[in-house]
Amino acid sequence: MTASEPTASGYNFAYLDEQTKRMIRRGLLKAVAIPGYQVPFGGREMPMPYGWGTGGMQLTASVLGQDDVLKVIDQGADDTTNAVSIRAFFERVAGVTTTTATGEADVIQTRHRIPEQPLRQGQILVFQVPIPEPLRFIEPSEEETRLMHALEEYGVMHVKLYEDIARHGHIATTYAYPVKVDGRYVTDPSPIPKFDNPKLHMSEALMLFGAGREKRLYAIPPYTRVESLDFEDHPFEVQEWDAPCALCGARDTFLDEVITDDRGGRMFVCSDTDYCQSRTEEVA
Amino acid sequence: MYVAVKGGEQAIANAHRWLADRRRGERETPELGVAQVEQQLRLAVSRVMAEASLYDPELAALAIKQASGDMVEAVFLLRAYRTTLPRLAETLPLDTSAMRIERRISATYKDIPGGQVLGPTYDYTHRLLDFLQLANAEVEAPAAAEEPLADCPQVLELLDAEGVIEREEDDGAEPYDITRDPPDFPVDRATRLQMLARGDEGYLLALGYSTQRGYGRNHPFAGEIRLGTVEVEIAVDEHESPICIGEIEISECQMINQFGGSRETAPQFTRGYGLAFGHNERKTMAMALVDRALRAEELGETASGPAQQAEFVLAHADSVEAAGFVSHLKLPHYVDFQSELELLRRLRREHAQRAEAAGPKTRSDDSSVPVTGADTDACHTTPSDPVKEQQA
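In order, the protein sequences belong to chains D and G. Residue numbering for the first sequence follows my numbering, beginning at 750 and increasing consecutively. Residue numbering for the second sequence follows my numbering, beginning at 1471 and increasing consecutively.
Hints are computed from structural coordinates only; laboratory data are not their basis. Possibly wrong hints are sitting among the right ones.
[Stated by the list, open to error] Mimicking BS3-like on lysine-lysine, the simulated pairs with C-alpha atoms at most 30 Å apart in a straight line are:
1. D:K929 x D:K779
2. D:K948 x G:K1800
3. D:K948 x D:K779
4. G:K1800 x D:K909
5. D:K948 x D:K929
Sequences are here, hints too, so could you generate the full structure?
What follows is the structure in structure tokens.
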């Protein structure tokens, strides 16, 4: 990661100056050393709006090398407008090779999904995070939540999940489902569907999380224990669909619902476009 | 047959092209020059510079032009540029007592040393549309005094000499830089002032106003408001005295507020402070009100109003952050929505089964609602999950 040659666009490689990238990488080292702990960092303004992936972009910019291959997905898809926009940004300011193939990517920046194809050692998955604090909607004050993490005071989170069960008979959290990392920090896995939570556990790849507006970053290093919070009598479970993917026939993927007409017609297809496409091509 | 939609790239390019066309408007109207914006929309330029934390009237004017006059967008453009600039030096603290005054008023004394100077203000204009400006009427040059303005000592310093107002002391602490370091609540007053100085004017105005209406009242008087230019100086190693690198225009407001004091310390007026680049009088007044409100804890007051809750006030003051996070709701949320939908359908199925099992007697009158679609039943229960409602 010594790339510092300016690109044609007149900006430093990957937009951020080297000092800033270094500051972020220092933060990342701390994050890796304390899995699940939110490290404050001096987040910079990016030329994209807050809430659109500025945290993820700063992390990607900091770890990206000139020979790395980058993949960007949003909702699992490579072709959603914001994924297209972020990919185009790094093509422009870093001149790196991009791909849509999960297996070929060194760095994958994602919003709201983890690819279906298992990640391998050496890959980095960068998550865009809106609200990094899993306790935020229980306790709005940062001063308080920091103390709660320090004292491992996580009872309120279980109370919240229990209240869901009392009211609905189920835990009503379907995405951004809280996890406990390495048996210590309760962590927000970003708004991925809880379907993806099991992929965090003992992942071969390094998982980095960046929240630009909130100026926090955190990490789940490879081969780290990640448990989704639950109860003995209400164990954690993931979503299931009645039908397979209408395009590739997969039964074990997260499916998007597509409305096909105005008479109630709908079909379900993989949200991971690359996975779906590669399966369709295999069959053909 | 459903085919995944491709072509986001082309759509984005076309949107940008259309946007540029809209920005330009009808071609027979002359194009707006950046110099025109800088000279003739100077209060807009001031606001953009203040909230972007970058003093550069020309680039602020460019941002306003490029943003088609959307101030929040213009602030964002200038901020994004600012963040790429290298830091060459740190300036010495500005000396606002040495300001070349354009406007300077006090609401606490009729006459003050140096005098009240109205300057270029809208204050006493009658808000009648000036139709002559439709025809670009000539404007006469301003009247100029024969002598330059005498020194204008700060009004609050006069009170300070008597000891009736709390003294501001420089504790010598290295200031925290909110553009380089993440906020670490609770933050000290200097950091709070930095955050307020780049905070959204409308937001601060509403919060300041709320203190006047009783939500954290602090009995303010406009001790002094001054607008003008000050010299910016840096210390250079080879030189003994600091070197002036230029002048900037700033606005400053010093509020005098009701007293604090205790058995040990004599009662004194307290202060609220506002400062901003350019001509930003309303902003600095609102800032001073909110600064004073945020000192509640320090001054031993009960924090009862929203303007006194430091984390709440400061974490939501930044228009670039706020606009970004609100606008991100436009991004796709298919996956999360699908997850919610799946749960909601399951809960409704279970609800219907329970209603079925309970028999027709206890069925809610929901059953009279016409049922359409395979998965819909007619119950009205919605899983209310404040966590997820607020999250992206």
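**Report entry** Earlier hints that do not hold, by number
**Finding:** No numbers; nothing is violated.
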